[in-house]
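Colleague: Take the sequences, apply the hints, and build the full model.
Protein chains in written order, with the numbering used here: chain A, 170 to 742; chain B, 183 to 506; chain C, 124 to 421.
No wet-lab data here; the hints were simulated from the structure.
The structure displayed is predicted, hence computed values, not measured ones.
C-beta atoms are modelled at their ideal positions from N, C-alpha and C, and glycine is treated no differently.
Please note that a few of the clues may not be correct.
What the hints assert, rightly or not - Quick partial rundown of chain B residues pointing at chain A, CB under 7 Å, derived from the structure:
1) A281
2) M341
3) V343
4) V346
5) L348
6) S454
Residues per chain, in single letters:
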Amino acid sequence: MKAYLNGHNIPRRTFLKMSAGALASSALAACVPTAAPAEPAAEEMGDDAASGCGGEVVVATAWENPLFNPLCKSAGTPARHVFEPIFNRLFEAMDWGPGPDCDGEVGLTLSLAEKVEEVEKNRVWMVDLRQDVNWHDGRPFTADDVVWTYYAMLHRDVAPTYANQFLMIKGGKQLFSEGGDSLEGVQKIDQYTVRIEFEEPDPLGIVGSPVSFGRYWYVTPKHGWEGVPLEKVGTHEPMAMSPIGTGPFKMGQIVPRQYSELVANEDYFLGKPLADKYITRFLGPEARDAALESGEVVQTGASSLDAWDRLGRLPHLTAYTRPTTLLFALDVNDTRLGDMAHPVAEAIRYAVDIETILRDTSYGTNTPSSYIFEHLLGPIGEAPDGLRRYDYNTEKAREVLENAGWDFDTELEWVYWRPPNSLDLSIQAQLLDAGLKTKFKIIDVASWTDELAISANYDLLFEAWFYSTDMQEMFTHVGCGWNFNSAGRNFDGYCNSELDDAWQAALAEQDPEAQIEMYRNLALIMQDKWPWAPLHRRGMTTMVNNRLQGVWPHNDYQRNVRVPFERMCVTPA
Amino acid sequence: MQQYLLRRLSLIPILLLGITLMTFFMFNLAPGDPVTALIKPGVLDGFGQGDGANLEALRARYGLDKPVIVRYLVWLRELLKGNLGYSYNTDQPVLETIAEAIPATLLLQATSIGLALIMGVILGVITAIKQYSRLDHFLTFLALFGISLPNFFIALIAMYVFAVKLNWLPIAGMWTPGRPIGFNLDLLHHMVLPATAGAIIYVASYMRYARASTLDALSADFVVTARAKGLRERLVVMRHVLRNALLPIVTLMGLSLPGLLGGSFIIETIFSWNGLGLLGYRALMSRDYPLLMGVALMVATLILLANLITDIAYAFVDPRVRYE
Amino acid sequence: MQAPAEVFGSASPPDSPLGRAARRFLRHRLALVGAVMVIFLLIVAALAHVLAPYDPLDVNTGRRMLPPDGQNLLGTDQVGRDVLSRLIYGTRVSMSVGIVAVSIQLTIAFILGSLSGYLGGKPDMVIMRFTDVVMTFPTFVLVLILVSIVGPSMYNVMLVFGLFAWPGPARLVRGQVLSLREQDFILAARVVGVGDWDVLRRHLLPNVLGPVSVAATLGMAEAILTEAGLSFLGLGVRPPTPTWGSMIGDARFTYVLADMPWLWLVPGVAISFAVICINFIGDGLRDAFDVRGRQALE
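Modeller: Structure, rendered in structure tokens:
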């Protein structure tokens, strides 16, 4: 069996330590990241070019959103496939990790920003922009574009998708709820300098949410929407279908429900891309697997872990994985089940033999995890004394339910927006062994927000929680009133003032040692109160044709570097 | 004939009205709030704001705050003006989006029907002429096998064998990415798999009808006469049997359109064929009700037209129908 | 629509049309085989809990994707469930979906078709136009849309398919009733004062049984295939309930097609076998009742 590059061989804890910086120190240390962007190693590029590497990079992704617009309505992986090579951000947010700490190893990577200076600790930043960057249409990139981007990203009339990551910018909430002419927190100082000011000190604020959200915004050209009313910004053509960016590839064309074709930007500020074209095909899961196997596409996600493993064994393909912070837990709906919620959650933790299931089904891509702060570094990442171990014990699970007076005829509604996979089915079967009946309810993907996030129409929800490394943001998963509408993730309206108080106190604590203890203590409070059953952390998986160069292993996700599309290329067959 | 045509045509407006009523009230059953289809799900993707005021404004914008009957009438009035509403997902006019998809669907379905017809008739006539031979039994069994498997399974097996293993045909899509798009050879190359996969079921049923009607024709008086005149068997079959056997079969084409269009939801989805089926499936999965309504309406209208043409064609072929 | 001339005034010895049909059906060898096989499937469905060696939901992650061996006669699936047991239970679900859907469909078809044909005039007009409208929508599309609205489950699939696949049979019933209505024996019955309902029940319905039973076999085969299609699109019977359709739908990926034939061959053969057998019965019934092709297609 082919050895996978990442994940398989590296012990989880080691990896987590390697990848993340110290949260506590990051919050406290003075932070002035001024590192130059990571330049590709010259000799590697030379090698690629010499071997005739170039051509068309054809990747496949799920069905695309029919409309592309960098400012809104273009969420999701497919849109990212289309936009990532077209746009740049000021600096690259972490793929995961603690955000802008000052550790050179995992710090912020600058992109369109040349220098970021912290004027007031964790609150005000002065950003110097690169002066050698042009938009794809030849116009120069300036501070006006940055000011416009933040403004549009937050304005209510634009109906932006990712506003919540920057609501804490001064004036952001107001712009989002009421609208307005400008965003107070983002000011143009001169043609190439921007001042960014937050409402409150927020060490991670400048990159947006450190996990995932930080990736989902791009600096967009102000002139792309010249004279367009704000409410039309989202659908304004040509920006909606052929956006103008600064990145290594320019938009060629989008053939709806077929593919997007990007062509190399000869004038890219980090050098001319190796490939001539970057094509993203939009295919269903069966066709994606098939097209990868036949060589029609050179990179795609797998339809399932089994497919990932099997296809990865083919001689011309390689399957890669890397760990993430995504902590998957079964959330038991507190509002629906009331007093029963916590016993049910506890029974689930006893009933599920997650170690065995993952060993048998996940090919080393997923790892069991039950301590919410395990992905954080330092003492905070060590489980505190008194944290219960929930070793697999069906009798114990049954006992917990019996003691709570559980009605064993009840069928819990377990909601999904995709067909259940082998992990889900295995868990379901083990829950049944413990007397806990569940039935799957499959909703369509578009109802996720309505059915789950807003209405909390579920008994059980298997979702990623507490994946952030920002304690403030993690609070929005448990805190009273942090429902979907207030940009939180406490969907079922759980409210526990004891936990809230303890969390707030920990956030406010100034003494680092004491703060760490207080954080660790949160897990102890939660294990007795919070109705959820954390099970595992999920790894990201991808499959690559061996002809594709420049993504893996060059792309070092652990180091928080943007995918270097300009270095992707395909060797001749 | 004229009277028959008039009678037949006069039904069209009533049926169209029925189609709009049925479409509208079917979609009115849909629970949930389609406005949220604006916001994309997924933990990795982040999530937007369900700001109360924003939602209300959107509802008003889409006319979702009025009573059902009013909404139907408003919808109907707009429909008559050629406005099928705007896609929840893209804000694009539904009519425009659908109009883009129709040629692809018609091309694929016409090819499917054509393939099925040619194959079906050839096999049907062969089996009829060789009635009760080993070949007849074999082909009849094969035909049965063809209609007994779900179309997605046939499609996937075909994709695996001809595209993945043999590498003769492209996996999916309509054109090789990065090459010219439009009606070209590349398109036809991409159409082989979906068209064949969609046709298989109809090959079988056409074959059965072709076999039955050829058998009927073979025993008809004029054929007996022709044989008695001493015409060669081959000539009898070509000149007398086929003509009379095949005319009714041609009219069956219209009748298979509903099945084909229904099946296109699966075939087009598997092969990423950008037609009504794929559009409908995508709308279905993203709760894009205006778009889905548009697709349903368009599919029904296409079938209505096909039925009309079939009936008229049948009336031409078989004069008895006119006086029914 | 042709009138069965043999119904009345035939010189043959006393013999009911049904008896004659039954005799003809029994002479049709393939139909007989089909009937025996379908009865076999029904028995398997009824005795699933006795016949299945394992619980079809029993997950065993230690024994995943294994080819057939002594322990699992038809191998195991992606979560280590016994394929044979799932196949047996799948028979129960798939046959139930078919039977219930067809029953609903035929009930509606009988009521609307006979009312339309018997009453004639305005009611006929209205019912037939309604039928025409429903017929302009492909059944699969209607089922897809409605199942996605009401939520996928076994009962919803049965119900929705039953509720929307009736127009074909309804038109058959109406056609038969129309042609019988003016026959002498019906007129005679009415003259002697037999009520409308009794006329319908005693004289008309038995005569439409033939074409309708042919339609029923087609409907049943279609229901089984439709359920498979719905499962493929994720709108069928809810997992983990086994159905033939969902089993074959789980085997849709290239790695399964290439490496694990037992996962798709087995349910594929089951579906194919059932549909072919049901079609044989249909052929037999068609011959037995002398139903013409075009009628049955509609």
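Colleague: Against this structure, judge whether each hint is valid.
Modeller: Here's how the hints hold up against the structure:
{"no.": "1", "hint": "A281", "result": "violated (12 Å)"}
{"no.": "2", "hint": "M341", "result": "holds (6 Å)"}
{"no.": "3", "hint": "V343", "result": "violated (11 Å)"}
{"no.": "4", "hint": "V346", "result": "holds (5 Å)"}
{"no.": "5", "hint": "L348", "result": "violated (10 Å)"}
{"no.": "6", "hint": "S454", "result": "holds (6 Å)"}
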